[in-house]
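Asks: Based on the sequences and whatever the hints tell you, model everything.
If you read the sequences in order, they're chains A and B.
Going by our numbering, the residue at position 115 of the first sequence is 115; the numbering climbs one at a time, nothing skipped.
Going by our numbering, the residue at position 39 of the second sequence is 39; the numbering climbs one at a time, nothing skipped.
Derived by calculation from the structure, the hints in this document are not laboratory data.
The beta carbon of each residue, even a glycine, is placed where N, CA and C say it ideally should be.
Just so you know, not all the hints are guaranteed correct.
Here are some, though not all, of the chain A residues that point toward chain B, as calculated from beta-carbon distances under 7 angstroms [unchecked claim]:
| # | residue |
| --- | --- |
| 1 | Ile40 |
| 2 | Leu42 |
| 3 | Met43 |
| 4 | Gly44 |
| 5 | Leu104 |
| 6 | Ser164 |
| 7 | Ile167 |
| 8 | Ile194 |
| 9 | Arg202 |
| 10 | Pro203 |
| 11 | Ala204 |
| 12 | Leu301 |
Just so you have them, the derived chain A footprint on chain B, three or more residues with Cβ under 8 angstroms [what the hints assert, rightly or not]:
| # | region |
| --- | --- |
| 13 | 107 to 114 |
| 14 | 131 to 137 |
| 15 | 141 to 155 |
Listing some non-contacts, in silico: residues in chain B with all C-beta distances to chain A over 12 angstroms [what the hints assert, rightly or not]:
| # | residue |
| --- | --- |
| 16 | Ile16 |
| 17 | Met19 |
| 18 | Gly65 |
| 19 | Ala87 |
| 20 | Val184 |
Residue-level listing of the chains:
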Amino acid sequence: MHIPDGFLDTKTIVATSAFSAAGVLRALRNVTRRITPRYIPLMGLAAAFIFVAQMLNFPVAGGTSGHVIGGVLVSILLGPSAGIVVMTVVLVVQCFLFADGGVLSLGANVFNMGIVAVVCGYYFYRIFTSVSIGMMGRLAVVAAASWISTVIASICCTGELAWSGTIGWSNAFPAMTGIHMIIGIGEAIITTLILAAIYRTRPALLSGPESAREGRAWNVVSEVLPFGILITLGLALFVTPFVTVWPDGLERVAAEFGFSAKSKTAASSHSPLAGYQIPGIGSVPVAMAIAAVIGATLVFLTVFLLGRALVSRSKDVSS
Amino acid sequence: MHHDFIDRYSRLESPIHRMPVGMKAAVTLAVVFTVVLAPPSWILFYVAAAIFLMIIAVLSRIPAGFLIRRIAFFELFVLVIALLALAQPGGGARFGAIILKSTLSLLTVLLLANTTPFNRIIGFLGRLHVPSAMITILALMYRYIFVLIDEAGRIQRARESRTFVRQRTRRWIMLASVLGRLFVRSTERAERIYDAMCARGWRQ
Chain A
1 MHIPDGFLDT KTIVATSAFS AAGVLRALRN VTRRITPRYI PLMGLAAAFI FVAQMLNFPV
61 AGGTSGHVIG GVLVSILLGP SAGIVVMTVV LVVQCFLFAD GGVLSLGANV FNMGIVAVVC
121 GYYFYRIFTS VSIGMMGRLA VVAAASWIST VIASICCTGE LAWSGTIGWS NAFPAMTGIH
181 MIIGIGEAII TTLILAAIYR TRPALLSGPE SAREGRAWNV VSEVLPFGIL ITLGLALFVT
241 PFVTVWPDGL ERVAAEFGFS AKSKTAASSH SPLAGYQIPG IGSVPVAMAI AAVIGATLVF
301 LTVFLLGRAL VSRSKDVSS
Chain B
1 MHHDFIDRYS RLESPIHRMP VGMKAAVTLA VVFTVVLAPP SWILFYVAAA IFLMIIAVLS
61 RIPAGFLIRR IAFFELFVLV IALLALAQPG GGARFGAIIL KSTLSLLTVL LLANTTPFNR
121 IIGFLGRLHV PSAMITILAL MYRYIFVLID EAGRIQRARE SRTFVRQRTR RWIMLASVLG
181 RLFVRSTERA ERIYDAMCAR GWRQ
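Replies: Structure follows, in structure tokens:
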């Protein structure tokens, strides 16, 4: 998933670099201000650990082999802010030491693998562990979180490549997502096995005071909101312009059964974002991106409030 | 143990190796920028860039075989994505342009990485006002990669000498337990490093 140089155009390079710089600086500030300085060497060692873990290959069918990516692993163990910093450091070293991933596409790689993968995987894990039962339930959530984080990161990567005009969305999307759905299964299995191994030898690292200090609280202002908004914006910019080109299921059914003409006069066309286009903005893609940002923000807020309500309720039950 | 596969040639002796880091980084960035952003129709420019990089490669005394092997290795990934571009209308020209651009920038970064020790690059990033916490983490990471590779090797050897498995699923579980163990040891090592840093007056 490391994008080499030469695959992205100027606007994508600028946008992804700005997003990752904002995200990484925020994460770094969270780590240095809020968490003890004890975390600084721990993050350095965790980055070295991820680097070494990526070098050890697991045999897969037919002589091929794969390795752990580690974004979800490190964010579950150290929290999302530290996870972002660790994965960024790993990507920087891979870029400048091995030329793995381009210099100009470093921003895009950090955004996909360091921010989107880490934060999406982490919050999926947080929301669903609060309703899961026992260690087996929690490990199942870990597996699902790793798979989802791998797939979302690959979709984001495809969106950036398509936005640059390098590849066509309609044939790249199935190929890239299909491959990463398989890679994601491997990632899920390895991450779960490693966490289970850590739990067997040192359960405190997963459920003890170490994770309680950083992990139990939802740091809304410093983590959930900034990272959530950043990822929402990124997905809205890179991915939605392509997704909405296709008619969605309902529109398609409407077209086939001939009631789409009827619905034109229905109330829905007077809704504020009818057809995902904003009146007064001429360019269709721009209007679509803006509409997607507004819509995605609304969805994000809803999910966020819902998640908060769910989590606080389950906490009351347990305490 | 020696793990010089990571940056084997960055400590050679050559005019390129002796050049200041800032200059090398600036040249690298300039070359990558222009190669990536120049329109594909500037054939002469690409030829000039290629010749320039070859001269640097020869001057730096990095074995050509090593550079070619490295490029061939990464070219696999480039080809996979470039093939997706080929499926587009007008993909032929785009395919060529992508291969050309990414190969040239790959060579540029490889030359920087193999003529400059990584701690010099970290120092340069520090002078660019990258946050000091980031610099500390980067430096610690680079320092301990080598230690952790040894540690992983020791854990793996100890594990293999006690149990012999060929079955694939068992191998997965074994490797996962090695990595889990490695993480636990890394956190313990981080605690000791922190104490040692504090004892020497480190302050964030």
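Asks: So which of those numbered hints doesn't the model satisfy?
Replies: Going through the list in order, the structure violates hints 6, 10, 11, 12, 19 and 20 and respects the others.
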